[in-house]
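Heads up: the sequence lines are chains A and B, in that order. Counting from 21, one number per residue, gives the positions in the first sequence under the working numbering. Counting from 939, one number per residue, gives the positions in the second sequence under the working numbering.
Misleading hints may appear alongside valid ones.
What the hints assert, rightly or not - Calculated cross-link-like contacts (lysine to any residue; reagent style SDA-like; alpha-carbon spacing at most 20 Å): (1) 106(A) to 1159(B); (2) 195(A) to 1135(B); (3) 173(A) to 1095(B); (4) 173(A) to 31(A); (5) 195(A) to 1113(B); (6) 173(A) to 1094(B).
Hints were generated in silico from the structure; no laboratory data involved. Small disclaimer: the values here were computed from a predicted structure and weren't measured.
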Amino acid sequence: MSATSIFEFANPVRFERIAARAFPLALIAALVSAAIGLYFALFNSPADYQQGETVRIMYVHVPAAWMALFCYSAMAVSSAAGFIWKHPLADVAAKESAPIGAAFTFLALFTGSLWGKPMWGAWWAWDARLTSVLILFFLYLGYMALWRAVPDKTRAAKLAAILAIVGFVNIPIIKFSVDWWNSLHQPASILRADGPSVHPAMLTPLFLLIGAYSFAYIALLLSAMRNELIARRLARYELASGEAPARVVER
Amino acid sequence: MNALLAIIARDIRLAFRAGGGALQAVSFFALTIVLFALAVGPNLELMSEIAAPVLWTAALLATLISLEQIYRADREDGSLDVLVETSSLLALTALAKATAHWISTGLLLTAATPVLALLLNIEGAALWPLILSLLIGAPGLSLIGSFAAALTAALPRAGLLIAIIVSPLYAPILIFGAGAASAGAAGDPQYSANLALLGASSLFAAIFSPLASAAALRFNLD
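Sequences and hints are given; from them, build the entire structure.
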């Protein structure tokens, strides 16, 4: 049953219909939760007893870092799905997740740097967590470069899928880098066996902004996938209607 | 088994003949170190402190520039198609290609290291950790690199793309390799831990890189 339900969305027409309806909903959900989350983060949450007001950087930094890992995982899972079941939309989802994930990774590095300067006294430290996230950023860039370099899209999808799956080894290294190595970065304080060590008043804005980032990812992914599908249809149409030879004649 | 040995012998012969990249890679290795020394200036004390990381980075870069040649010539003259069609287990063929690359570059770089180490003011006792770390780590560089070469085998000018793809994947080998060489030179107890992690990285690459390379090669010949 599950196999049929995945493939129901493989029909691009059906996908287009669902995506057209889901896109504005995701966009509104992202904007609303970002507005409420930012209100709580800036005006209605306590300052940290050690870090003071700079702790508010956490509300834009932590969700970005989570999304950086989430987008790569989504990319690797859809790559595997495209690889194993030859699901036609999985390749598109993987391809379009990469620039969004790279942007979230950049945002995590950038806000982390802004937070690091007042807290650690340095914009950057070559410590395990920071280094592995920087490597994640370059993995995204390599994946995108491979897609651009291979002219045949079917082949590009398969090769990029292998690269995405190989690069996935970095994800657990990032997640556990703060436990394995002596890191300047603080250890996990939300996903812990004994419950979060963060004050509940800080968790409300954090979860609202994680929701906002996730909905933003969904909205961006849906619109990017629709664009890609339209671009591919257009390319096929131009090829079929013989417009390409016409251009050669014009030249 | 004989077929695999034949592939290794053939690739090594090709690497050392005219147009092969083996001697070019070693020259590039030496030149990188010279350029680095020129940039640092005549400060021998500073030089011996950063010698192990510099040598490791230079070895990595020399491996990097020779990766494109692993599959390019085979792809151009059609022998890659024959290799893929006739091999009973393509992953083993990919492993043989990576082994040949290690012998014709990695092992050669390791052999050239004692001479170049003199230029960087590495003392006698500090040399052995460096050579040992290169012996354990360089196969990993060839294995991971041959995967990137397989991924881009069908592209005409893949050199820069290979560098972009493979550099992030090289991070663990460089960290543990240079770490082991530095710790060994300083008599640090972290030496053996770094060496063990370096060996683990190389072994991990030995298992997964041939499988990934085989998949990539098949898709590149469709």
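Hint check results:
Distance restraint check for residue 106(A) and residue 1159(B): the Cα-Cα separation of roughly 18 Å lies within the 20 Å cut-off, and the hinted pair is therefore satisfied. Note on residue 195(A) and residue 1135(B): the hinted pairing holds, with a Cα-Cα distance of about 18 Å set against a maximum of 20 Å. Taking the CA atoms of residue 173(A) and residue 1095(B), the gap is near 18 Å; set against the 20 Å cutoff, the hint holds. For the given pair, residue 173(A) sits about 18 Å from residue 31(A) by alpha-carbon distance, which is consistent with the 20 Å threshold.
At roughly 18 Å between alpha-carbon atoms, residue 195(A) and residue 1113(B) fall within 20 Å of each other, so this suggested pair holds. Annotation: proposed proximity of residue 173(A) to residue 1094(B) holds, straight-line Cα distance about 16 Å (limit 20 Å).
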